[in-house]
Amino acid sequence: MKKIKLSQDLEYIFSLALSIVLALIIGALIILANGKSPLTAYASLINGSLGSPYKMATTLAKTVPLILTGLATAVAFSSGIFNIGGEGQLYLGAFAAAYVGFTFTNLPGLIGIPLALIFAALAGGFYALIPALLKVKYGIDEVITTIMFNSIAILFTGYLANYPFASSVGKMGATEMIAPAYKLLRLVARSKLHTGIFFTAVIALAIYYLMEKTSVGYDFKMIGTNLIFAKYGGINAERNMVIAMIISGVLCGIAGAFEVLGNHYRFLQAISPGYAFDGMLVSLIVKNKVVGVILMSIFFGILKTGSIAMEFETAIPSELVLVIQAIIILFIAGEKGFAQILRRIHAKEGVRGDV
Amino acid sequence: MYREIFNITLLQNTIRTATPLILAALGGLLTSHTGILNIGMEGMILLGAFFGVAGSYFFESYLMGILFAVTSGIIIGIVFALFVIKLKSDEFIVGIAINMFAGGLTMFLLRSIFGVKGAFSSPRIQPLPDINIAFIDKIPILNVLLNNHSLFVYISWILVIAIYIFLYKTPYGLWFRAAGEFPEALDTVGISSDKIKFASSILCGILCGFAGVHLSLGYLTLFTENMSANRGFIALAAIIFGSANPLMTYVAALIFGFFDALGIRLQGVGIPSQFTQMFPYIVTVLVLIAVVKRERDKKALQAKAGRIDKSQSQAAGNLTR
Numbered sequence: 001m002k003k004i005k006l007s008q009d010l011e012y013i014f015s016l017a018l019s020i021v022l023a024l025i026i027g028a029l030i031i032l033a034n035g036k037s038p039l040t041a042y043a044s045l046i047n048g049s050l051g052s053p054y055k056m057a058t059t060l061a062k063t064v065p066l067i068l069t070g071l072a073t074a075v076a077f078s079s080g081i082f083n084i085g086g087e088g089q090l091y092l093g094a095f096a097a098a099y100v101g102f103t104f105t106n107l108p109g110l111i112g113i114p115l116a117l118i119f120a121a122l123a124g125g126f127y128a129l130i131p132a133l134l135k136v137k138y139g140i141d142e143v144i145t146t147i148m149f150n151s152i153a154i155l156f157t158g159y160l161a162n163y164p165f166a167s168s169v170g171k172m173g174a175t176e177m178i179a180p181a182y183k184l185l186r187l188v189a190r191s192k193l194h195t196g197i198f199f200t201a202v203i204a205l206a207i208y209y210l211m212e213k214t215s216v217g218y219d220f221k222m223i224g225t226n227l228i229f230a231k232y233g234g235i236n237a238e239r240n241m242v243i244a245m246i247i248s249g250v251l252c253g254i255a256g257a258f259e260v261l262g263n264h265y266r267f268l269q270a271i272s273p274g275y276a277f278d279g280m281l282v283s284l285i286v287k288n289k290v291v292g293v294i295l296m297s298i299f300f301g302i303l304k305t306g307s308i309a310m311e312f313e314t315a316i317p318s319e320l321v322l323v324i325q326a327i328i329i330l331f332i333a334g335e336k337g338f339a340q341i342l343r344r345i346h347a348k349e350g351v352r353g354d355v
Numbered sequence: 001m002y003r004e005i006f007n008i009t010l011l012q013n014t015i016r017t018a019t020p021l022i023l024a025a026l027g028g029l030l031t032s033h034t035g036i037l038n039i040g041m042e043g044m045i046l047l048g049a050f051f052g053v054a055g056s057y058f059f060e061s062y063l064m065g066i067l068f069a070v071t072s073g074i075i076i077g078i079v080f081a082l083f084v085i086k087l088k089s090d091e092f093i094v095g096i097a098i099n100m101f102a103g104g105l106t107m108f109l110l111r112s113i114f115g116v117k118g119a120f121s122s123p124r125i126q127p128l129p130d131i132n133i134a135f136i137d138k139i140p141i142l143n144v145l146l147n148n149h150s151l152f153v154y155i156s157w158i159l160v161i162a163i164y165i166f167l168y169k170t171p172y173g174l175w176f177r178a179a180g181e182f183p184e185a186l187d188t189v190g191i192s193s194d195k196i197k198f199a200s201s202i203l204c205g206i207l208c209g210f211a212g213v214h215l216s217l218g219y220l221t222l223f224t225e226n227m228s229a230n231r232g233f234i235a236l237a238a239i240i241f242g243s244a245n246p247l248m249t250y251v252a253a254l255i256f257g258f259f260d261a262l263g264i265r266l267q268g269v270g271i272p273s274q275f276t277q278m279f280p281y282i283v284t285v286l287v288l289i290a291v292v293k294r295e296r297d298k299k300a301l302q303a304k305a306g307r308i309d310k311s312q313s314q315a316a317g318n319l320t321r
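Protein chains in written order, with my numbering: chain A, 1 to 355; chain B, 1 to 321.
Read the hints as simulated data drawn from the structure, not as lab findings.
Quick reminder that beta carbons are idealized off the backbone N, C-alpha and C, glycines included.
Where hints are given, some of them may not hold.
Which chain A residues face chain B? A few, computed with CB under 7 angstroms, are given here [stated by the list, open to error]: (1) M148; (2) S151; (3) I152; (4) P317; (5) L330.
Chain A with its partners taken away, still in its complex shape (with noise of 0.2 angstroms):
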């Protein structure tokens, strides 16, 4: 039993490695489209984003909330429900710390952080648990909730950011600045990279224990799994579909927190480029497993990074990262497909061969 699942697994690696080589191929092809070398554009990716420690510092702090989200759609996915609503989460859990953070200006760090994560959390929770309530009681479809949910949120504190609580100096769309107290402390110098990576770590520990080592996870990825067996054996899946929304939430709202009290020190009504997508497809191509989300966040962070570097040097925009990561989705999407046809080729040529 254990060896079929290591060869399913290692079958899947593979495969992925596969896809990403394929991606990357795509991607060269594009560049060398727009008259550059890929090999000097891809050579000024990695060494944008690995080649001293200042810059791994700034790698690392972009997997923070690629981390975050992307364990956020691991729980919420492998429960079978699909909180796509992730960005607006995020939203709603930046806005809530920054306003701790502008608002009760006179406490110490030590309580005023965590309680602007814990604003963030349950602003991002209760954001997801409407979408999670609507679809167990009344089954309506979570995907077309949670997106609208996203646009929603977003300008409804774009609202907040431009009109009761604008920042009286300087930027348009922009809250005031949280205390000093708030802010979290940069971990290398001139790196945007903060403690919060350690408290990450933590989270990322505490999905893995509670997905892989509890009974609760268990049930999360049974009911993911199979939703009649699940509750052909008592699993109660409304319920858990809830409790893994709401976790779901709480870890958007985190990663919201987090780019407002270690990146940014106040709420910008464009505060995330889509870090909730990306982590949704981090959490996708690695099948919602928490290791995975782990180490392809730290990859999109190399392909991110690096991309802003590639640009500079080859003049080959940013946004061809965006085309990869998706490439390498619809390939790892069609990974039974291509192994399957694979199989039926070799079949053949088997058969041809023994005659």
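We have chain A; now place chain B onto it with these hints.
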């Protein structure tokens, strides 16, 4: 103020804003009849919008814009079908992948071809023509309401009726519906249900291309990043509301279009744009709740009458995973 907002122009705008929704929804309802839930419509619309602008810009011809958009729709429809039908991939993941791909690709091409970030417009881009129907000119209200709309408004009307007839009055339509409900039965009479599904995916790509080109060349003459603005998902809600029936789906598209148009007009009277832009999204959620209530009432009635009409809700049933 009330009169400035709620007047005939609002209804005229409603028809205009409903058009991209119904065009995409017609595509999505075709795939939903064949048993495929297409989450990727959002990306398909976005690609259509981009390539519409690109074609129109390079050839200074709106016809080339349409041709480019349709071509992109066919290609992405084939990709979707290849993965979902041939490779048996998860249609949800493929849809998500297409959306992310479209978002990334259009941003990338916007910068690498046109050298701009965010939005692209140019006097070279030729918009779609408005159509003037001479005999309506003389009729007072109808003239404002129905005349001088952009080309695809009229195409969408024709398509609503054509696809309705196709689905419910022709044998091909029967094949489409059978491909979703009883694929084995279809296969046993020698018609490949996979081929029908393939056809529906490509048609969906084309119709989403129409929706996109209407967005970027029909009521605006520019392309902006993510200009599809979740219309692909609102279209999905319209299909659910309309139980995948083209006529009822158009009613849903008009409802969403109305709130879209209302939002745009309310911006003019000083309500923050963030709220007015929210309208279509909030209404989408409310409509989905209303659908549940309607279905429950219907079921309760049927239970009273002692019969269960299964076929009615079948196509809508295909929409749930």
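Outcome of the hint check:
With its C-beta approaching chain B no nearer than about 4 angstroms, M148 of chain A sits inside the 7 angstroms limit, and its interface hint holds. Residue-level restraint check for S151 of chain A holds (minimum Cβ-Cβ distance to chain B is 5 angstroms; threshold 7 angstroms). Contact between I152 of chain A and chain B, as hinted, is supported at the beta carbon level, the nearest pair being about 5 angstroms apart and thus within 7 angstroms. Interface restraint check: P317 of chain A against chain B, minimum CB-CB distance 4 angstroms, threshold 7 angstroms, status holds.
Given the 7 angstroms rule on beta carbons, the hint for L330 of chain A holds: about 4 angstroms separates it from the nearest Cβ of chain B.
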